[in-house]
Amino acid sequence: MSSYVSATAEDRREMLAKIGVNSIEDLFADIPARLRLEAGLDGESAVGSGLSEQEVYEELRALAARNISAEDELSFLGAGMYDHYVPALIDSIIERSEFLTPYTPYQPEISQGGLQAMFEYQTAISELTGLPVSNASVYEGPSAVGAAGYVAKVSNGRSRFVVSRGVHPHSRETLRTLARGWGTEVVEAPLHDGATVLPELGKDVSAVIVQQPNFLGAVEDLTGLADSARDAGALAICACDPLPLALLKSPGECGVDIAVGEGQTLGNRLDFGGPSFGFFAATEALLRRMPGRIAGETRDVDGKRGFVLTLQTREQHIRREKATSNICTSQALNALAGVIYLSWLGRRGIVELGELMLKRTAYARGRLTSIEGVSLLHERPVVRELALALDAPVAGVIDRCLTAGVNPGYALGRDYPEHQDGLLVAITERRTRADIDRLCDVLGAAVAAERSLSVGAAGVRA
Amino acid sequence: MSHLPENGSASERSPKSNLSDSEGLTIFERSKPGRRAFIAPALDVPDYEVDELLPAEHRRREPPRLPEVSEPEIVRHFNRLSKRNFDLDTGFYPLGSCTMKHNPKLHERVAAMPGHAKLHPLQHPGRAQGALELMWNLQQALGQVAGLPHVSLQPSAGSHGELAGVLLTRAYHEDRGEQRTKVLTPDTAHGTNPATVTMGGYEVVKVGIDARGNVDLDDLRAKADTDVACLMLTNPSTLGLFETGIDEIARIVHDVGATLYYDGANLNAIMGICRPGDMGFDIVHFNLHKTFTQPHGGGGPGAGPIAVSERIEPYLPRPQVVRRDGANGDGPFFDLDYERPKSIGRLRGFQGNYGVFVRSYAYIRSLGAAGLREVSEIAVLNANYLLAKLREAGVAEYLPAAYDRVCMHEFVLSGAPMKRELGIRTLDLAKRMLDFGIHPPTVYFPLVVDEALMIEPTETETKETLDRFVEIVVEILREAREDPDIALNAPYTTPVRRLDEAAAARRPVIRQAL
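Quick mapping for you: the protein sequence lines, in order, are chains A and B.
Each step along the first sequence adds one to the number in this note's numbering, with nothing skipped, and position 324 is 324.
Heads up, this note's numbering is the position in the second sequence plus 462, with the first residue counted as 1.
The reader is advised that the hints may include incorrect statements.
To be verified - Below, a list of computed lysine-lysine pairs in the DSS-like style, where the Cα atoms sit at most 30 Å apart:
| no. | chain 1 | residue 1 | chain 2 | residue 2 |
| --- | --- | --- | --- | --- |
| 1 | A | Lys18 | B | Lys851 |
| 2 | B | Lys685 | A | Lys322 |
| 3 | B | Lys494 | A | Lys249 |
| 4 | B | Lys851 | A | Lys322 |
| 5 | B | Lys685 | B | Lys668 |
| 6 | B | Lys644 | B | Lys668 |
| 7 | B | Lys644 | A | Lys322 |
| 8 | A | Lys249 | A | Lys203 |
| 9 | A | Lys304 | B | Lys851 |
| 10 | B | Lys644 | B | Lys494 |
| 11 | B | Lys545 | B | Lys567 |
| 12 | B | Lys881 | B | Lys668 |
| 13 | B | Lys545 | A | Lys18 |
| 14 | A | Lys203 | A | Lys322 |
| 15 | B | Lys851 | B | Lys804 |
| 16 | B | Lys685 | B | Lys644 |
| 17 | B | Lys545 | B | Lys494 |
| 18 | A | Lys304 | B | Lys545 |
| 19 | A | Lys304 | B | Lys804 |
Stated by the list, open to error - Okay, the calculated bits of chain A under chain B, using three or more residues with CB under 8 Å as the criterion:
| no. | stretch |
| --- | --- |
| 20 | 136-148 |
| 21 | 384-397 |
Keep in mind the hints are simulated off the structure, nothing from the lab.
All values reported here derive from a predicted model rather than from experimental measurement.
Cβ coordinates follow ideal geometry from the N, Cα and C atoms, glycine included.
Next comes chain A alone, as it looks inside the complex (with noise of 0.2 Å):
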């Protein structure tokens, strides 16, 4: 058992004498007798009594042991983060202790290296969404489609947020999470053949909030949906897929107001979920609204270019209840592999990365519908991710897959009723064409297999 502690038994009495007391236990007298624990916590709880180090890398190895990780399978699930390829300059550079373990640049003297490295990494969100001002990162990307939210609530006051369903649903249900408090409503437009269907926008919108490419992997018509928005007097919230951002049209280009999305597949690992980041774009009106912390450039007492948090005003330790949000840190290692990343793939290597997984994502797309029993959810463009409708129980398809050693994607009926056998794809530019090949032999086989089974049960019940 070791607490990292370094105070001898000798430190110790020479720092009670020090202090005037006898023991220790004399620095908590002001905590209730009552509620004083006399024998600790329990160590026969999930606690534990203390282990040496060899001893916890070997549980925590057996715990990863009993996970299938993407390593471990031919995987195509995707559904918001994804299998990409990280590179190995990026681990080198974020273990170091410089970079991994300060706090928040409070002192900028001593931050230059983080602070420098937001600054770069908000120019390259700029660049990629096509706005002018980006934060140095959220949370990650669904709540940053919450806080978009917020900061049209705040800014137009208006009741209610027109959210298409092409949107994440996780963003989704976040969004409405926050809304409560907010007191905003939160209505769903449609999609129709895999593209966003808005209502009648009235007065009382808010903000039009959409995703490209959407939840189904389809490349929407941003410009048409912004435009919506502006005529309405809303705000356009886009959340994006930041590696398709190298083909499509930007955000900005397209007239959104706020660009926010999930940063994953910006050099960052799957983890089950997290530590990622999500990245916040606005135009130049929306800047004071911002949440979250901001780089900005300066000069030193010698003229001396450097680099400060900036715009602190709108931030909760100095306005406190009238912060544009709660948020009091940014990603800012995630955010570093992010603007690591970017700058690995560089200008020709983003289209030219973007290319091939939109090949081989066409090539899938081709061969997986030429399969008895699987079509397209929508005839859309995609990039890297499509939606397929199978003929057949989906759960019972993925199973069948998984036995071959196969994840062939995510099942859509949780959160697509319509869509109870429907089955998300991704294609990164780890999967190969034999890859894919075998993802078509072995879906192949298992939709077959199943549609066998109800085919043989209709049989039965006829």
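With chain A fixed as given, assemble chain B onto it according to the hints.
Same frame as chain A, but now just chain B:
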């Protein structure tokens, strides 16, 4: 060793100052067309026309202007940047309220295991039993520390846990048909508390503090009525003082039907000593990045799980990690429970910051019950020793304790006499500390103390480190008596010197012009 240059600034004295300085270039300024790091995997499918797959109306006309740099340049750029950061692995970091304790290296190793790091969040529960069991165990362990039976790991940060707490309070009251409008926060509250209250749709009502630095019970009684939904309290408070009237506070709050919320920022003081649940708190948030040593990463990631009492449990966020008994002699099955009809819903995507859970779980397993208690004992011992040692060294004349009591894991000094007598402010003291190779304490917080300096040494620092800190403070005060300009113009030895923050806010430059 002198920490003061003979004359002029460090940069003026640099013998290479007439050479072009590439040190501070951004990654964008290092870009040159034709350079690259990334090589795409070979195209192994037909070379479709991009225009046919993606109609021109959806296409970006120009590639995003990301830097064009080679791998060696990227590595060198970011390694150089790293050297312009001060970090916890290098030196003392007594930043009050932030609990900058050692980050054990084992945690990075176990978190990077592919079974943890490369696990997809939508993997079927049956194929993620290790992760779900770890989360279940962490829930149990945190519940034990808090003295409360139910835990949700979902919130991503302390502020996110606070928001969860306020939304849970709303759901609890609404379920009982009650509409409440106000949330009480003491004057000593973290700035996040009032901001959270506003985001949760409540009005903030401040409660004063008494002469000993504790919540003013008379003021609390006067403001506690049936419009009050919740009292958000940090205990020990941001003054580093235990709320001695906690039993009475809990009684007052519960008598009007409100919930009592525990901001866990200062939990490092009381682990295994006492428990928020036993004090009457209904909802507690933990900062895994403070108490449970997730590295801060320069400002994130963290995690802010919450523990709650029975009456709040039905409203916890979903999904919730649950343990189901195995059938036919099988072991237990760990699952994600979405069927929670009274749940406030999700606060974020997926299941929370699992990578943080792995590290904090490893920490708890390493320490165990006795180790966690020792953490708090030594954290409190170190703080009181440092306070006594500063007092003995004569520092109290210029920097007296805001409240002259036994402190918990941190304490607050006031620089008001120093400002008056020596003409240097707390800010100047902090800036001068940078030249001595330590991170300054938190400054100008809490707001109730004039020229506040908030010091939290944590349990992992040695007595020698604390003694050295005292020597540094004594030396800076000695210098200031002779020449206040030394502190007023500090720092001198840092990569940049004092930065013009006002100019940065007046005309914000928050991205590179490309």
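Which hints, by number, does the structure contradict?
4, 9, 10, 13, 15, 19, 21
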